[in-house]
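Undergrad: Once you've looked at the hints, dock chain A with the ligand against the given chain E.
Letter by letter, the chains look like this.
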Amino acid sequence: MIKGKSLIEVNDFSLEEIDDLLSFAGKIIDSEKNYSGLCKGNLIATLFYEPSTRTKFSFESAILRLGGQVIGFADAMTSSVSKGESLIDTIQTISCYADLIIMRHPKEGAPKLASKNSSVPIINGGDGGHQHPTQTLTDLLTIRQLKGPISNFTIGLCGDLKFGRTTHSLTKILLKYPDINFVFISPEELRIPEYIKEGISNNRYQETFSLESCIDTLDILYMTRIQKERFFSEEEYLRLKDSYILDMNIMKMAKNDMIVMHPLPRVNEIATEVDQDDRAVYFKQAKYGMYVRMALISKILGKGGN
Amino acid sequence: MINVSKLKKGIVIDHIKSGNGYKIFSQLGLDKLEDTVVLLKNIPSNKMGVKDLIKIENDIYLDLTVLGLIDSGVTINIIENGQKKEKIKLELPKKVYGILKCKNPRCISTIEDVGDIEFTLVNPSTKEYQCEYCHEKTKL
Ligand SMILES: [Zn+2]
Chain E
1 MIKGKSLIEV NDFSLEEIDD LLSFAGKIID SEKNYSGLCK GNLIATLFYE
51 PSTRTKFSFE SAILRLGGQV IGFADAMTSS VSKGESLIDT IQTISCYADL
101 IIMRHPKEGA PKLASKNSSV PIINGGDGGH QHPTQTLTDL LTIRQLKGPI
151 SNFTIGLCGD LKFGRTTHSL TKILLKYPDI NFVFISPEEL RIPEYIKEGI
201 SNNRYQETFS LESCIDTLDI LYMTRIQKER FFSEEEYLRL KDSYILDMNI
251 MKMAKNDMIV MHPLPRVNEI ATEVDQDDRA VYFKQAKYGM YVRMALISKI
301 LGKGGN
Chain A
1 MINVSKLKKG IVIDHIKSGN GYKIFSQLGL DKLEDTVVLL KNIPSNKMGV
51 KDLIKIENDI YLDLTVLGLI DSGVTINIIE NGQKKEKIKL ELPKKVYGIL
101 KCKNPRCIST IEDVGDIEFT LVNPSTKEYQ CEYCHEKTKL
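Residue numbers (our numbering), protein chains in the order written: chain E, 1 to 306; chain A, 1 to 140.
Don't take every hint at face value.
[Stated by the list, open to error] Straight line, CA to CA, 25 Å or less: simulated BS3-like cross-link-like pairs of lysine-lysine:
1. A:K139 - E:K162
2. E:K40 - E:K27
3. E:K162 - A:K137
4. E:K116 - A:K94
5. A:K137 - E:K116
[What the hints assert, rightly or not] If you want a taste of the chain E side facing chain A, the calculated C-beta under 8 Å gives, among others:
6. G84
7. S86
8. L87
9. I88
10. K107
11. E108
12. G109
13. A110
14. K112
15. L113
16. H130
Note that these hints are calculated values from the structure, not bench results.
This structure is a prediction, so every number in the text was calculated from the model and none was measured.
Don't be surprised by glycine CBs; every beta carbon is placed ideally from N, CA and C.
Isolated chain E (complex conformation) (with noise of 0.2 Å):
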C-alpha cells in the first residue's frame, strides 16, 4: 500500500507497489476525465528549494488536473529560506497546512530529512544529483505504454553514464524485472561505475562507445545529455559534450519499432530532425511523467483505490 508513503527513493517501493502504480496510471491515460475529481479539497505544497520549470510544471499539472489545490515557492530567494528559516522548521509548518508536500532541493538527502520531520508524506522531486524517483517512474510507465509488460527488451544508454544518475536508477530498477539485456554507450571517461555493472550478469550486457555498432539490436534508446556542472576542467567538457548526436542518419540504422527516450531537457544530442519521426518518445515521455504523478499523487493520498 502505497497510501500515507513518503517516495524518497525509488527503492522505497516495492515492486509490487510500482506496478500497480503503473497500471493505475494506464488507467488514468485511458479515461482521463474519471479522474479528474479525484483529490477534490486535498492543498498539495510543492517546495522547490532550487528552480526547476519542468518538474514544477509536471507536478503542479498533475495536481490541478486531479482537481486538487497547490501552495509552493518556485526557488528558495523568494521563500522563508531567504530569511534563514531552516529545513526542518519550514516543513514542520507547512505539514500543519498541506496534506502532501513536494519538494525539490540542491542538497542530497534533503527530501529524507524532511520526511523525517513531516506529518505528511513527502514526494522528492529531486535532491541535488541524487535522486531523481519520479523521473524513473515516468521512464518506467513510458516503456510500458509503448513497449507493453517490462520484460524481454534490449535497452542501451547513451551519453553521460558515469554521473547521470537518471541512468543508474533505471538501471537498478530494470535489473529486478526479467529478461532485460543492457548496451552501455559512452566515451571513456563517462563509463557507467563497476558498482551498478556488479548487479548485472555479465552475459546481459555490454559497453561499446559506438551509437553506430549497437543501435540495431537495439528496441529502446535512452539518450542523455552530457551536463557541463559534472565537469572540473571546461576542456574536457568540450571535448566530450558532443560526442553523441542522434540523427536521421543513425535512425535509419535503428529497428523499426526502438523507440527513442530522453529525459529531457536536450542539448545538442538528438537533432531536431529526429523529433518528426514516430520512434521518438521524448515528448510523449513527459506527457506519461505527468501522468504517473497523478497516479502517484492520488495513491499516496489514499484515493487511487486498490
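TA: Then chain A with the ligand, alone, in the frame of chain E:
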C-alpha cells in the same frame, strides 16, 4: 612512577595497531580521566612487530563502537584482583550514531542541523559506512 605491568583493577586495551594508540586515547577522552592511564607506544610484539597498548587503572565505561571503528583488531581485557576477568573481542557495529560525520559537501547535513546521522556499515573490509541522507561512503 606507576607500575605498568601489574594492574590490580582496570582495563587493558591490547594489540592496538602501532599508531592507533593515541587515536583511541583521544577519541575515548582518556585525557580527561582522573584515574591513572598509561599509553604505551611501539612495544615489541611477536605477532604484530610493534604494537600500542593502553592501561586504565579503573573500571570505566568503554565505548566499544568507537574502538571498533578505529581498530577492530584490539583485545580488551577487564582486570579484577590482578586477574583477567573478561576478554572482549570487537566487531564492527552495523549502525553508528554520532561518531562519524558526512564529508560530502553536497549533503544536507552540511547546511542543516540534522542531529546524529545514522551511518550503516556497507563494507566491513574497508570499514566504510554510508550516510543515511546522501548515501555517500565514509570512514573514521
Ligand atoms: Zn551525507
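Undergrad: For a quick check of understanding: which of the numbered hints are violated here, in increasing order?
TA: 6
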